[in-house]
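Novice: Listed below, chain by chain, are the residues.
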Amino acid sequence: MNFRLRLALLFVTTLVAVQVFTALLAYGVARRALIADGERQLAVGAAAVAHQLDDISSRVADNVQVLSLDFALRAAIAQNDQSTVLSALRNHGRRIGAERMLLVGLDGTVRSDTAEPAGGAFPFADLADAALDHPAAAVVALDGKAYWMIVVPVYAPKPIALIAAGIPVDDALLAHLQQLSALPNTLELVTRGADDRWTGIAHGDDRVGIAPALAGRELPLQPTLVRLDASEYVVLATRLRESERSTPVAAVLGYSLDDALRPYRSVAIAWASLVALGLAIGLIGALLIARGVARPIEKLAAAAHRIGTGDYAPAAPMIKSDEVGQLAAALSNMTLAIAEREERIRYQAEHDAVTALPNRHAAEAVIRHALSTRPAAGALLMVGLARLPEIIQTMGHTISDRLMRDAGARLRPFAARGVVARATDTQFALWLDGADKADAIAIAFRILDVLGVPYQESDLSIDAAPAIGIALHPVHGEEASTLLRRAEIALFAALGAEDPVAVYDASTDPHRPERLTLMTELREALDRNQLRLHYQPKLRLADDRIDGAEALLRWQHPLRGAVPPDTFIPLAERTGNIRRVTRWVLASGIAQAHVWAARGHALRIAINLSARDLDDADLPTRVADLLSLHAVAPRNIVLELTESAVMGEPDTAVQVLKRLADLGIDLAIDDFGVGQSSLAYLRRLPVREIKIDRFFTQKLGEDVGDRTLVRSIVELGHRLGYRVTAEGIETRAAFEYLRDVGCDHVQGYYIAAALEPDALEAMLTRDGGATNRGVRA
Amino acid sequence: MHVGMPAIAAWMLVSTVATAAELDVVVVDARGAPAEDAVVSLHGGDAPPPRAAVTREIDQRNETFIPYVEVFRPGDRVVFRNSDRTRHHVYSFAPAKSFEFVIAPGGDTPAVVLDRVGEIAVGCNIHDRMITHLYVSDAPWVAKSDAQGHAVFRGLPNSRYEVRVWHPQLRPGKAEPEQAVDVAGDTATLRFSLPLLADPRPDPADNERARY
Numbered sequence: 056m057n058f059r060l061r062l063a064l065l066f067v068t069t070l071v072a073v074q075v076f077t078a079l080l081a082y083g084v085a086r087r088a089l090i091a092d093g094e095r096q097l098a099v100g101a102a103a104v105a106h107q108l109d110d111i112s113s114r115v116a117d118n119v120q121v122l123s124l125d126f127a128l129r130a131a132i133a134q135n136d137q138s139t140v141l142s143a144l145r146n147h148g149r150r151i152g153a154e155r156m157l158l159v160g161l162d163g164t165v166r167s168d169t170a171e172p173a174g175g176a177f178p179f180a181d182l183a184d185a186a187l188d189h190p191a192a193a194v195v196a197l198d199g200k201a202y203w204m205i206v207v208p209v210y211a212p213k214p215i216a217l218i219a220a221g222i223p224v225d226d227a228l229l230a231h232l233q234q235l236s237a238l239p240n241t242l243e244l245v246t247r248g249a250d251d252r253w254t255g256i257a258h259g260d261d262r263v264g265i266a267p268a269l270a271g272r273e274l275p276l277q278p279t280l281v282r283l284d285a286s287e288y289v290v291l292a293t294r295l296r297e298s299e300r301s302t303p304v305a306a307v308l309g310y311s312l313d314d315a316l317r318p319y320r321s322v323a324i325a326w327a328s329l330v331a332l333g334l335a336i337g338l339i340g341a342l343l344i345a346r347g348v349a350r351p352i353e354k355l356a357a358a359a360h361r362i363g364t365g366d367y368a369p370a371a372p373m374i375k376s377d378e379v380g381q382l383a384a385a386l387s388n389m390t391l392a393i394a395e396r397e398e399r400i401r402y403q404a405e406h407d408a409v410t411a412l413p414n415r416h417a418a419e420a421v422i423r424h425a426l427s428t429r430p431a432a433g434a435l436l437m438v439g440l441a442r443l444p445e446i447i448q449t450m451g452h453t454i455s456d457r458l459m460r461d462a463g464a465r466l467r468p469f470a471a472r473g474v475v476a477r478a479t480d481t482q483f484a485l486w487l488d489g490a491d492k493a494d495a496i497a498i499a500f501r502i503l504d505v506l507g508v509p510y511q512e513s514d515l516s517i518d519a520a521p522a523i524g525i526a527l528h529p530v531h532g533e534e535a536s537t538l539l540r541r542a543e544i545a546l547f548a549a550l551g552a553e554d555p556v557a558v559y560d561a562s563t564d565p566h567r568p569e570r571l572t573l574m575t576e577l578r579e580a581l582d583r584n585q586l587r588l589h590y591q592p593k594l595r596l597a598d599d600r601i602d603g604a605e606a607l608l609r610w611q612h613p614l615r616g617a618v619p620p621d622t623f624i625p626l627a628e629r630t631g632n633i634r635r636v637t638r639w640v641l642a643s644g645i646a647q648a649h650v651w652a653a654r655g656h657a658l659r660i661a662i663n664l665s666a667r668d669l670d671d672a673d674l675p676t677r678v679a680d681l682l683s684l685h686a687v688a689p690r691n692i693v694l695e696l697t698e699s700a701v702m703g704e705p706d707t708a709v710q711v712l713k714r715l716a717d718l719g720i721d722l723a724i725d726d727f728g729v730g731q732s733s734l735a736y737l738r739r740l741p742v743r744e745i746k747i748d749r750f751f752t753q754k755l756g757e758d759v760g761d762r763t764l765v766r767s768i769v770e771l772g773h774r775l776g777y778r779v780t781a782e783g784i785e786t787r788a789a790f791e792y793l794r795d796v797g798c799d800h801v802q803g804y805y806i807a808a809a810l811e812p813d814a815l816e817a818m819l820t821r822d823g824g825a826t827n828r829g830v831r832a
Numbered sequence: 015m016h017v018g019m020p021a022i023a024a025w026m027l028v029s030t031v032a033t034a035a036e037l038d039v040v041v042v043d044a045r046g047a048p049a050e051d052a053v054v055s056l057h058g059g060d061a062p063p064p065r066a067a068v069t070r071e072i073d074q075r076n077e078t079f080i081p082y083v084e085v086f087r088p089g090d091r092v093v094f095r096n097s098d099r100t101r102h103h104v105y106s107f108a109p110a111k112s113f114e115f116v117i118a119p120g121g122d123t124p125a126v127v128l129d130r131v132g133e134i135a136v137g138c139n140i141h142d143r144m145i146t147h148l149y150v151s152d153a154p155w156v157a158k159s160d161a162q163g164h165a166v167f168r169g170l171p172n173s174r175y176e177v178r179v180w181h182p183q184l185r186p187g188k189a190e191p192e193q194a195v196d197v198a199g200d201t202a203t204l205r206f207s208l209p210l211l212a213d214p215r216p217d218p219a220d221n222e223r224a225r226y
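Residue numbers (this note's numbering), protein chains in the order written: chain Z, 56 to 832; chain L, 15 to 226.
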């Protein structure tokens, strides 16, 4: 049931309830008023009936009295002339309308009677007795009829007899009485019958008998409500003047409530019609009002729902000035406020506060949207400012923010073909719709021109050193996030390169997804022991003996086959897996050292450490534990580190190295010569050996410059107290030259490739531990 | 009373010598008011000597019989006189004597001999309310009460007497009230209280009659 219906029902119910209540009230009031009126009328009527009957009776009595004074009658009575008396009585009776005339002696005996034989006692002795004082009259019941019995004395001149006249009180007389006065419409004379029940003996003009309703009641001397033939009457009885010797006779007056209500029936019908009309009008009005109230509310509800779904379009203005109108206005205001706030939040969420450009998230959304149309081409340019971190450190964020804002403003025009966004603190992203590689590169160089103008601020001039990485759609990615990432990778490549513009190159991307898979598999390989250590022998040039071997990690992947260490080691370093690898390598290498030592092979095992391993303060302890576990002497182990690993490392790394050296382990610098090793720095480290990178040794046979360099390194190393090993020896010429310049050890295919432990051991056994390696091939 | 006094006075003169006692009979009505015109008769004792018959006149004046009650001895005569300017039709249906006279204004009737004992009610057929009572008694002692209701008997010989009282307004059909009294030398008093009907005569103050 909706609000409108309920409202209308409430209206109608209230209306009906009020009308019914009013009707009941009116009926009750009218009925009570009518009853009271009836009672009043009855009281008046009863008094009037009694009074009129008395009045008539006294007139009749006067008439009888006059008759009694007729001289002839008196003479006849005095002379006891029976027949004359009887005929005179009949004659006079007719004159006054009496039905029965009697002559009663003073002793109470009936001397003449027009109805019955004389001689008996007069039945109403009390009347006879009273008649001497005044004319006596009473209403008596005789033979089921009502009579006035009027008794007067006959004076001759003193009382000599009494005349009794019986005058019928019949229906005609009552009707006459009713006509004479405004008596209630029901009048009845009742008498108590032999069975003690009240019986009607005369009725008024409406012939209604009240007597049956009096059964089992006392005479209603006070107004009483009775039910008579399904009608209600107020009845009131009044005792008439009566004779002690007669059965009681009373006049009962009735007031019909139904008759009294009859004039009101038309009023009631008119009223009911009015109620029905009012009800109809009220119903229609209630529905209209309810609609007037509910419609706007329903509209508001719809508007609120619409707002809930994010549609802030202003609702149709409501002209009403009532509460609903106010609500509508408030809702409208609220909508505007919400829309404004949401707009602000969205703007803040999608824009960078400094440059007012879209942020990376928004840019990604825009690009995603652009890609959803499956364009033929598109390019994502990632513009980085290489010097920005330095600028922040030296001049603070205020300047850098202003610089970025300026850069953003310069880039903004390029948004014409797509979108310009601030991707990170130091980077802008540009999406160029429909740009191919050539377009992208051309635009990149224009951007470089624009950004290449140094930022000017008062006496400050800053060159932000921009670089741009480009990722192309669809070749470099179908998705916005991929393009962003790859453009960023390309940017990193550009930042480190001479050419400040770089296009993404999948082959150099260290972040290709399959790398992650590889790491997962690397961990599995560690767990399942799929890794192997191969050992490349190191030849001591002093006696041509193999006295050491470098442990090299080999991964035989069940599906991929052999995975080169160049592929997974850097990856393991970047993904934090290198320590597990190192741990495995150390354990495996030290265990092998023990095996070989036990079999009498004096081999120093060189194990490579990663730069990341030097962050691990537990490394020396773990190495010591492994050595003691396998009972391997520290001098049988060499740990190799690349130049770049030891350079610029913090003091913790130095501490780790020193503790390893303190264990008695020799440390070696790998790939010596290609990095930016500072000899001064190296001097501070407990290094015992340097290994010349293969970059210098591969062309040693023909390149004079390399020969000079290698000779210098060997001499320098020896001067500084290091042992010197040359790697990547593949030719006899290189081998011979190194022997000539006094290099300590050589290592490379010319001696032997990296071998499995069994193969190395077999080689050692075959050569008897001392191999004079002239030629290997 | 006017009529009665000479008789008593005469009787008193006669019986002075033998006077021995006095009887005062007081008659009142039911409310204790003195009842005038009551006829008290005594029976017993020695009867006084009879007197000669007399003629008494009943006047009719202002439509009223005067007196209202007159006591007669058997053999007395009565004459009705009309002192009004209207006719009167006097009549009696009494068993003791019935008659009927129409008396012209200023006229009178022949004397009617009342020879039988009894009460004779006399009315006028023209004027319903005119009534007078002729009480014919042969009792030894008889007197009519005065306005104070007293009927006094003097010089009664000592004896026992039956005292009866009659009054025109006694209820008809009832026996006359009667009391016995012993009279012995001094004054005896007897009291009668009678239930009386209303006085049928018109009120003297009634103006209605003056209009005729």
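Treat the hints with care, as some may be off.
Simulated restraints, written as ranges between beta carbons of each label pair [said to hold, decoys possible]:
(1) T139(Z) / T69(L): 30 to 40 Å
(2) R95(Z) / P216(L): 41 to 51 Å
(3) T139(Z) / P216(L): 25 to 35 Å
(4) D196(L) / R294(Z): 51 to 61 Å
(5) D284(Z) / D217(L): 26 to 36 Å
(6) P172(Z) / G132(L): 45 to 55 Å
By construction, these hints were calculated from the structure, which means they are not laboratory data.
Where a beta carbon is used, it is the ideal one built from N, C-alpha and C, also for glycine.
Novice: All the hints need checking, so say for each whether the structure fits it.
Specialist: Now for the hints, and whether the structure bears them out:
1. At roughly 35 Å, the beta-carbon separation of T139(Z) and T69(L) lies within the given 30 to 40 Å, and the hint holds.
2. Judged by the Cβ atoms, the range 41 to 51 Å given for R95(Z) and P216(L) holds: they are separated by roughly 44 Å.
3. In this structure the hint that T139(Z) and P216(L) lie 25 to 35 Å apart at CB holds, the actual value being about 30 Å.
4. At about 53 Å, the CB distance of D196(L) to R294(Z) agrees with the hint of 51 to 61 Å.
5. Against the hinted window of 26 to 36 Å, the Cβ-Cβ separation of D284(Z) and D217(L) comes to about 57 Å, which falls outside the hint.
6. In this structure the supplied range 45 to 55 Å is violated for P172(Z) paired with G132(L), their Cβ-Cβ distance being about 31 Å.
Figure legend: structure checked against the earlier numbered hints; hints not met, in rising order: 5, 6.
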